[in-house]
Amino acid sequence: MRDRHLKYLLMMPALLLVTATVIYPLGYAGIISFMDWRLSRSRVPTDFVFLDNFWRAFFDDPSFLNSLGVTITFVAGSAGGAVLFGLLIALLLARRGRGYSIARTVLVLPFAMSPALQGTSFRFFLNPEFGIFDAVLDSLFPFLAHVDWLGSSGWAMTWLILTDMWHWGPFLSLMLIGGLLSIPSDTLEAARVDGASTWMSFWTVVLPQLMPVLAIAFVLKTIFSFKMFDYVYLLTGGGPGESTSTMTYYAFRMGFSAYDMGYASAIAFVLALLLVVVSAVYFRLLFPRGEAG
Amino acid sequence: MALSPRRRGHVLFCLRGIAIAVLLAVLLGPIAWIFLTSIKPLSDVYTMTLFFDPTLENFRAIFERPFYVGDRLLNSLAISGFTVLIGVPVALAAAYSFSRFAMRFKKTLFFGVLATQFVPPIVVVLPFFLMFRQLHLLDTWTGMVWINLSIVLPFAIWMLKGFIDTIPVEMEEAAMTDGATRLRVIRDIVLPVTIPGVFVAGIFCFIFSWNDFLYALILTKKEAVTLPVVLSTFYTEEGDRWELMAATGTFILLPMFAISYFVQRHFVHGATQGSDR
Numbered sequence: 001m002r003d004r005h006l007k008y009l010l011m012m013p014a015l016l017l018v019t020a021t022v023i024y025p026l027g028y029a030g031i032i033s034f035m036d037w038r039l040s041r042s043r044v045p046t047d048f049v050f051l052d053n054f055w056r057a058f059f060d061d062p063s064f065l066n067s068l069g070v071t072i073t074f075v076a077g078s079a080g081g082a083v084l085f086g087l088l089i090a091l092l093l094a095r096r097g098r099g100y101s102i103a104r105t106v107l108v109l110p111f112a113m114s115p116a117l118q119g120t121s122f123r124f125f126l127n128p129e130f131g132i133f134d135a136v137l138d139s140l141f142p143f144l145a146h147v148d149w150l151g152s153s154g155w156a157m158t159w160l161i162l163t164d165m166w167h168w169g170p171f172l173s174l175m176l177i178g179g180l181l182s183i184p185s186d187t188l189e190a191a192r193v194d195g196a197s198t199w200m201s202f203w204t205v206v207l208p209q210l211m212p213v214l215a216i217a218f219v220l221k222t223i224f225s226f227k228m229f230d231y232v233y234l235l236t237g238g239g240p241g242e243s244t245s246t247m248t249y250y251a252f253r254m255g256f257s258a259y260d261m262g263y264a265s266a267i268a269f270v271l272a273l274l275l276v277v278v279s280a281v282y283f284r285l286l287f288p289r290g291e292a293g
Numbered sequence: 001m002a003l004s005p006r007r008r009g010h011v012l013f014c015l016r017g018i019a020i021a022v023l024l025a026v027l028l029g030p031i032a033w034i035f036l037t038s039i040k041p042l043s044d045v046y047t048m049t050l051f052f053d054p055t056l057e058n059f060r061a062i063f064e065r066p067f068y069v070g071d072r073l074l075n076s077l078a079i080s081g082f083t084v085l086i087g088v089p090v091a092l093a094a095a096y097s098f099s100r101f102a103m104r105f106k107k108t109l110f111f112g113v114l115a116t117q118f119v120p121p122i123v124v125v126l127p128f129f130l131m132f133r134q135l136h137l138l139d140t141w142t143g144m145v146w147i148n149l150s151i152v153l154p155f156a157i158w159m160l161k162g163f164i165d166t167i168p169v170e171m172e173e174a175a176m177t178d179g180a181t182r183l184r185v186i187r188d189i190v191l192p193v194t195i196p197g198v199f200v201a202g203i204f205c206f207i208f209s210w211n212d213f214l215y216a217l218i219l220t221k222k223e224a225v226t227l228p229v230v231l232s233t234f235y236t237e238e239g240d241r242w243e244l245m246a247a248t249g250t251f252i253l254l255p256m257f258a259i260s261y262f263v264q265r266h267f268v269h270g271a272t273q274g275s276d277r
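Residue numbers (the working numbering), protein chains in the order written: chain A, 1 to 293; chain L, 1 to 277.
Keep in mind that the hints are not guaranteed to be accurate.
[What the hints assert, rightly or not] Just so you have them, the derived chain L footprint on chain A, three or more residues with Cβ under 8 angstroms:
#1 8-21
#2 27-37
#3 52-66
#4 100-107
#5 151-163
#6 224-234
Derived by calculation from the structure, the hints in this document are not laboratory data. Backbone N, C-alpha and C fix where the C-beta goes; we use that ideal spot for every residue, glycine too.
When you get a sec, could you build the whole thing from the sequences and use the hints?
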């Protein structure tokens, strides 16, 4: 067979599958978002309502606006937090030596751990009566002993972010360690000869060199933060009240508790659009002259 | 007062050591605690004690009525297994094509495939729920494998393309000038050297689909329920059964150790190689 045909033939199954698993459902969701379709009342869409679902979201539903704010708080906190945590880990572990490379093996574990399991078990660890996190924190910070971690809205959001950081920070640090170790040692040596302190050479040599990797890590993490669902469902259940109800979680509830398919699709679509806008802005900032190709 | 450089070196060394110890405790502690809880007798589960008589009672309990974790384990294995068996070969073919051939719109296509990863799963799962309801695929292995391919394929294509890109083309070209067909070249030259990469991609894909929660939560109900979804059934009327969650969790953790082994060999070594210049 000629390459001319083969190259398309090899690609065909993958492209068909991607179309069937993502592109087709995406279009379908787009159509449903213009419909009135309550599954509890009707097996088929009842009405074409055009932008009503979107109108309702932005002008007639405080819970949706709340979920928008919660999402932005979570994304900002967890993306920034996970990258900083990753940087911290990377600075600690980016050394040659057998001990260091064994320590680095541990870094994959949190990322490979099922987020569902992590959410459930962290919920237990935070229990004020028998949770291990609670016990450790209370002995370290006695003035926080009375706090019910998942019972107050501020702390619930904090723990949602910390849980996500635990999962992603170590993984991002693997990317950063690669970047750190590839900084030529003579550059650092030169800085030291010039009398730069460790602190100064971090800001003037290390950080600028690491910037591209940091930026990519941040973009990746932002995208995944927008998609996060498991921790909200299993750790906080969106609560207390609606204080940790992200857009993903709110769309899920509208779809599978209220069975309002049209409205749920509209919310999910707003989330997808938000993601497109944010990533477009990032890519524009990161690759100013279309280097992303 | 400034410390002498040597003393300062000592202090820094100790601080670094302490920081690393704390870090490892923070990362490994929760995993160890889940495991410990799973072998604790019920009387010690809700205490902090490290001294207890280990028991397998919790494991026995989860395999019996009404939890039947054995069936769920089989579902998880089958769904993740079939997802990998279908996803990885399909991805490999596409990755080879993306890596070796020139074609129009190749970059756009490749970027488009990757961009599907930006689509939030919640957008995709709503239409899938409605579609599967009509096709009678709700709560089946087939349905779950189908939707898991959406998580796995773009990632596998990207990873395998990166891998094939690093293999020199010269061998293939030499064989082709000797008259070998493209398919033979792929089978006899490319495939053998790609095996390690295929393996790593396979493990990643397995873990991704093994850990999936949202899709299984919505698209399964009774027959095809997977392990992560079982976890939420331990929030029962009579209270939360933490010891049973921990026992189930221990099963969920198993493939994680496989991945850490391979990633250490592949990823960590790869990450440090570039530095030895």
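- Query: Which earlier hints turn out false for this structure, listed by number in ascending order?
  - Reply: 3 and 5
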